[in-house]
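With the hints as your guide, set chain B onto chain A.
Sequence lines, in order, name chains A and B. In terms of the numbering used here, the first sequence is residues 12 to 241. In terms of the numbering used here, the second sequence is residues 18 to 401.
Derived from the structure by calculation, the hints contain no laboratory data. For clarity, every value in this text was computed on a predicted model and none was experimentally measured. Careful, some of the hints might be misleading.
What the hints assert, rightly or not - With a Cα cut of at most 35 Å, we get these calculated DSBU-like pairs of lysine-lysine: (1) K94/A / K127/A; (2) K388/B / K151/A; (3) K94/A / K32/B.
Below are the chains, spelled out letter by letter.
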Amino acid sequence: MAENVIEVRKVDKFYGTGSIRTQVLFDVSLGFERGSFNSIIGASGSGKTTLLNILGTLDLPSKGEVLIDGERTDGLTKNQLAKLRNETIGFVFQFHYLLPEYTALENVLLPVTIRKGRPDQGDVKRAEELMELVGIFNVKDNLATNMSGGQQQRTAVARALINEPKIVLADEPTGNLDSESTATIYQRFRYINATLGTTFIIVTHDRRIAEQTDRIVGVKDGRIDMDVKK
Amino acid sequence: MVSFGIALRFLRSNKVQTILIVLGIAVGVSVQVFVGSLVTSLQGSLVDAAVGSSSQVTISPDENNTVIEDWEPMVPSLEGISQINAISVSADSPSFLRDGSRTLSVLVRGLQFEKADNIYNLEEATYEGSWPTIPGEVLIGKELSETLAVGVGDDIQVTTPAGQNLTMVVSGLFDLNVRVINENWILTTLSYAQGIFGFGEAITSIETQVDDVFQADVVAQEVRELFADRPVEVTDWKAENAQLLSGLESQSFSSIIIQTFVLASVVIAIASILAIKVLQRSRQIGILKAMGITDRDASLIFIYEGTMLGALGATLGALLGLTLIWAFTTFTAQPDGTSVLSITAEPTFVILSAGIAILAAAVASAIPARKSSKLSPIEVIRNG
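Bound-form chain A, shown alone (with noise of 0.2 Å):
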């Protein structure tokens, strides 16, 4: 068996305190292989939004263990934290979430940015080259409010990517898009999961963009109630 590059062990979630407290996740252990092309499905209020927030660090289980590339995050500090999540995850948001005063190309670069405090020729090079990849150069310097929904969500895809991260996180990322465009980026995450080896976990309620990935793991009422793999 293959090692997994992202688990989470035993996760239990609540939301709330006191009387108005709701568990949303219940003892959900799941691990994903390293270089795999996942998905997540399940109805909205599932918790699948919360347990893939989970599985890249940005909320923290109640209860159990999350760990990346075999190492354990409970012991991590934010900054830790937040250089794990720079180096080694990309975010696909549901709604694209760019800085709407930067131009497409610099929203692209901004996890370089962030990671070494200037991006050098060679980053912006593998930007566009990105950027190619998702259909957006010719707006690259355009805004990220002068672009069309399509464009932005393309542009938090090569955001995504450009850290060349071991694991992708996509949250509905075609959720507001039209189906042209859905294809066109799911074509580019298979594209990238073949050539660089990147794990993708896409989180959809569609079962037709599910079943176009590896392995589907169904998520109900806060427990996992299906896992199929191709």
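Leaving out everything else, chain B in the frame of chain A:
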């Protein structure tokens, strides 16, 4: 570095907001610079008018004596006190001036004119004729010359306290801008005064000026200790002008109050605006944190924003304040070209005011910076 770049971008992307904040700070700093300089200059000109052209520390005979004997060694001793910058000795006596049937009471002062000039600016004040050089020549004030209707070259009749009647020749006229002095003083050479009043080699006072007029009491005490074994009395202007001093003090105090409130309003303005900015930017901060920016860098963004706003505002404010000062001095000019009050801006005060505003901006940004540091990326991502 990352934070600085982001801060700069945030400032540039919201130009209207940036300009408004910068203007707000600038107005505060300019008021600070203008009011501070105005009060300082006002005090300076008041003090200058009151004591600038008069003796600030005076040595006179004690109550058991009428003259100071053997005074020559005292001058080098006084010169040894570094704060003293002008020393002038005089032999004075009240006298009577006869003008037909009238008798006016005057003060005849024997001076060493070159030395007295350092205190009274006599050279500038002498507007007609010249200083007395030979016995019997005198310099009289503007008002006195008008009262007597005499000019340069005319004679005046003076009676000494001993009853001796003398005829003196007016060699020049002075205007010290103080009516009482212009009406009363008759200036002549030291040796002539010593002769007519029978002082011999003795004098009646030593007058001095000091570098910092507000240190006059301290210098006076030093002089007092220096001449402790002599039968003399040392007085300073501060002891004789207590009212003026308390006026100046309350003026300084009100100036400090104004400046404190201006500063407080600058701090509150920056802190509240930056707090709103953190809210506005919480989405961006969340994204940056998800992508791995550290809490420290996230908070530095706002420290830099605050400091840059402060620096821009302070620089603009200092320039604006200097412009106000220039405008005030220019537009309040009297027909003769002189200003009612010429305000001078002390460079150190302007730089200090600007520096304090920048520091205040940096400190004010600490609260929003803390908020930014504590912001959790998940809050932003969960709430969209």
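- [ ] Starting from the hint list further up, note which numbers the structure goes against and sort them upward.
- [x] none
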